[in-house]
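Each chain is listed here by its residues.
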Amino acid sequence: MGYPHRPHSRETVVLSEHFGNPEARSYDGWVGMGGYQALEKAVGMDPQTVIDEVKASGLRGRGGAGFPAGVKWDFMPKEKSRPHYLCCNADESEPGTFKDREIMRWTPHGLIEGCAIAAHAIRAETVYIYIRGEFTEAIAIMERALAEAYDRGALGERVLGSGVGIDMYVHRGAGAYICGEETALMNSIEGKRGNPRIRPPFPAAVGVFGMPTTINNVETLASVPHILNRGAKWYKELCLSSPKSSGTKLMSVCGHIAKPGNYEITMGFPMKDLIYDLCGGMRPERTLKAVIPGGSSVPVLNREEAESCVLDYEGCVQQGTMLGSGGMIVFDDSADMVYQMMRIARFYAHESCAQCTQCREGTGWTVRILQRILAGEGTATDLDLLLDIGEQMTGKTICVLSDSCAAPVGSAIHKFRGEFEAYINGARQPVAVAV
Amino acid sequence: MRHEAPAYEPVFIGNRRVDLDRVLERYPSKMAGLLPALWIVQNVRGWISEEAMAEVADVLDLSPAYVKGVVTFYTMYHQHPVGEYFIQVCTTTPCSLCGAEDVVAALLRHTGCGELGATSPDGKYTVVEVECLGACGFATPLLINDDFIEDVTPERVPEILKGYQ
Amino acid sequence: MKEQQLVSVTIDGIEISVPKGTMILEAAKQAGVLIPHYCYHPGLPIAGVCRMCLVEIEGAPKLQIGCATRVADGQKVLVNESEEAKRARQGVLEFLLIHHPLDCPICDQAGECELQDYVFQEGQSRTRYSPHFAKRFNPVEDFGGDILYVPNRCILCTRCVRFMDHVADDGILNVSERGDRAYIGMHPDRELDHPWSGNVVDLCPVGSLISKEFLHKARAWELDKTPSVCTGCSQGCNVNLETRGNQVVRIKPRPNLDVNRYFMCDHGRLTYRAMSRGDRLEAPLVADRGELGAVDWDQALSRAAAAIQGAEGRAVALVSPGCSNEALYLVRRLLSSFEMVGAFSVQRVEGEVPLAGVPGLALREERAPNAAGARALGFDTTYDTAVAAVNGAALVVLLDDALEGRELDMLAGARTVIYVGTTLPDAARTAHIVLPVATAAEEEGTFVNRDGRVQRYFQAKSGPAMARPAWWVLSELLHELEMGDPLTAAEEAFEQLAADEPAFTGLSYATIGLRGARARKGQAAGAER
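Residue numbers (the working numbering), protein chains in the order written: chain G, 783 to 1217; chain A, 23 to 187; chain R, 23 to 551.
None of these hints come from the bench; they were simulated from the model.
Predicted, not measured: the structure shown is a model, and the values here were computed from it.
In this text, a Cβ means the ideal position worked out from N, Cα and C, and glycines have one as well.
Where hints are given, some of them may not hold.
[As the list claims (entries may be wrong)] Now the stretches of chain G that chain R is said to cover, found in silico as 3 or more residues with beta-carbon under 8 Å:
#	region
1	1128 to 1141
2	1145 to 1154
3	1174 to 1188
[Said to hold, decoys possible] With beta-carbon atoms standing in for the labels, derived distance ranges:
#	chain 1	residue 1	chain 2	residue 2	range
4	A	N37	R	D191	31 to 37 Å
5	G	R981	R	G528	17 to 23 Å
6	G	G1102	R	G81	22 to 28 Å
7	G	E1086	R	A156	37 to 43 Å
Use the sequences and the hints to build the structure in full.
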């Protein structure tokens, strides 16, 4: 569902409060909504105090890994001997995820403010906002907002009149999912192929341009001003289940759902309510079959698991999957899980950077086997072969792209084996697949 | 008769060179200007030829092979000329669930492209499938040049194309 | 020197101590455990992409790559003793083979292919990749220079790209495209014509980058390798001469961290051609009534001894800087009773051709392996003066001097001319006695490189017909003249040399070994003056 749309009463609107309101896009509009107060407060604070505040809020990375943001910031060197960098990861490319785009489209100054606060906390003088190349509208809006923020003194040599200097630029990607991986993102900023780097060294020690760097997701950074405005305690208490997950989360819901769109929930919200209440449930005459909750990279949940899943980091793990980026792909009973898994695998095969053997060769091989199954030419051993290839693709490569291909496919075979077998034993009509 | 390729006309002259230099100030290394420089080339020329890669390499003190390696990594850089309107259709899982394949078929039919990646005989359109445009909740999204169009159905295709004649 | 901190690790049950910061793969080598790998090469920056060197570290949640994981004190690493690591390696091999053609029977790399080796060692004898799936296919490409690229065999380890980028500092190669469509690419502006680019063929673990010069010439398992020193210039790169039957078919670098690390230049590689030239001297010749005719060694040596015995006054020695120290030393001894003028001429090509990433390594201007040795042994480069002294000399000894560009009658003014050489240049046809000798590929000996490093080379093949090593010929001649005992090995000549020549004091074949050695401190043999 596009914007403007009225938030559902059970949403907790923090980040999405001004979604759909074009006023929020301008500097004055944003200031009128209480914007830039957090930044003003932050630049008056000691960087460590800002870090401690964010740590206390329990804010965790919203890009997928869920690493505590304050702890990440704390990894940065305290002695400033070299330039520090902040990279805002706006390469949102995870299938099923479209929340960062909305943040940038509607509240660009909120993101700028969050970036500037984070930059101050980690003592970075330069921020690159890495936006995927396809987000033409978001790029234009962010560029305009940045120019305005400079004009109004919110960025530049003296941020809001303080002694803090911060420069902030948009760096446009050019079509590569893998650049959302933080080390690949840094390489891409440096003008290289977006190849993930081996770790160690970690970015906080050797990051972009060889300097200490922190990379945070858009949603993570956009949450920061709210934490400073309302206090860590308030944020920490936004929690319905596990105390390890706090705050609000933008859930992108798409696929077979009555009202797709972004929904902002408090951590710990039941997935069942999100689907059936906020999103209006299934399309008419349809029933829920499966959900991939965290963007296409995580294991599939079947209906029972999905309906008992609690939406926070721990709740998803408990169901054998991950909250990831919060991009929920919903499949109803009309979905062909075999075809869709092939589609997912094809995505990863297309996006593999070509570095690691398992990923480069394994993703393509997975696609070919799935296509063979769809074509009615699968063999009895194909499913075990897929699982075995998947195991070889898991936990053995530089980044997790390879794992991300194996996870949904493997879990779908476990949970929907009958659908695969129907193609193999001829019970189901073959599907012609463009290779 | 000898066919001579027309002499290559540099992109980074005059104001464009100034623009690039301004972009370069954002980064501590010249190499970091590569992606922005390639965007400038593509905006000006519509695609990135091997001569243009060599020019970019020269301007940024890189090797032409290095630049080519980078160009071929990123799918948005065109290594060949494309139609006046370059149409990218998302067909990744969420959009596929919502019928993106039918949108592709409608686009191929109405543009006259016939097949993916081919340019229509009138040179106007090129249609390609793209992996996830990041607008899954607004399936099926199109990107026509820089215009993002959401909630596209096969029925809407002819009307949308009217805006790109 | 700062004391190096050591850490103890156990690798497959073998405990070793290595300097802190050592990568597991290197530590394992020291424990005698070879962790299979493709992208890792000690002469290149670490990439960590092939994922072949995955090992189990006790207590670690998942396998780690040996090439980029530093050892930690007390760590237990399992390579061959870990089922999980073995399975992971089998997995990598299977993935690598899904597109790799099984064209080993026509592949030049077969027999020295790391893919073949590891599959044989621990891979699976079957593939689960359906024969109905098309293998990726791209045509063979001529990369220019000496190099062909066979993309179908490529495993994208990127060693070649890293060599060109970081060692040659000339980014001619790239990785193009991504995923399983990726390949090693170039820009049409440029060929792979860097003077050191031949190294990418050695670095390629499979038969993807191959040498046109060697194409289909021999199978790797037919080749014998003999340690030698490159004769292409004064750098003295350590090499292996690779022979098939009695022919040198290629030259490959032999690692020596002090001289050439893992590399050699393309000019040096091509010196193998001269080792098979067809115009070699095959028998001793003596002049009778102005005509050179073949004789046996006894006759030739006694004629030569008689000629020397009868001479008095000035002797001129024109020597080649491609001859061994042993031969040069014996020439000097041979002429010790004369007033000797000794010189050599060395081909100089202006402009060194460095390998940017390896300080101290370059194709040098002096295009001969032993100019430094010749200098140390009292020969100088006032070659024209020496040539002028030929006129009226009692004796002229030419040691394989090619007499490049000299007049045909240049030797006419000398009373006796003895030519000791591998081939007979036109200007030496007026010599009275011609003694055929071996090339560096056909004998044992030592050279001194430009840094004063004395290095040994070994015999890789036999010389043609009656040609003998120069040290043997000269020592027989000395014996004939009652100036010494006949020598039976090059080593004996070197012992005498080391005893007589201050620049070589303290050295022996044993101390020089395969890595070379400098003479006593302050006595660097033949350092350029």
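Status of the hints after comparison with the structure:
{"no.": "1", "hint": "1128 to 1141", "in the structure": "holds (count 10)"}
{"no.": "2", "hint": "1145 to 1154", "in the structure": "holds (count 6)"}
{"no.": "3", "hint": "1174 to 1188", "in the structure": "holds (count 5)"}
{"no.": "4", "hint": "A:N37 / R:D191: 31 to 37 Å", "in the structure": "holds (34 Å)"}
{"no.": "5", "hint": "G:R981 / R:G528: 17 to 23 Å", "in the structure": "violated (50 Å)"}
{"no.": "6", "hint": "G:G1102 / R:G81: 22 to 28 Å", "in the structure": "holds (25 Å)"}
{"no.": "7", "hint": "G:E1086 / R:A156: 37 to 43 Å", "in the structure": "holds (41 Å)"}
Of the numbered hints given earlier, the model fails hint 5 alone.
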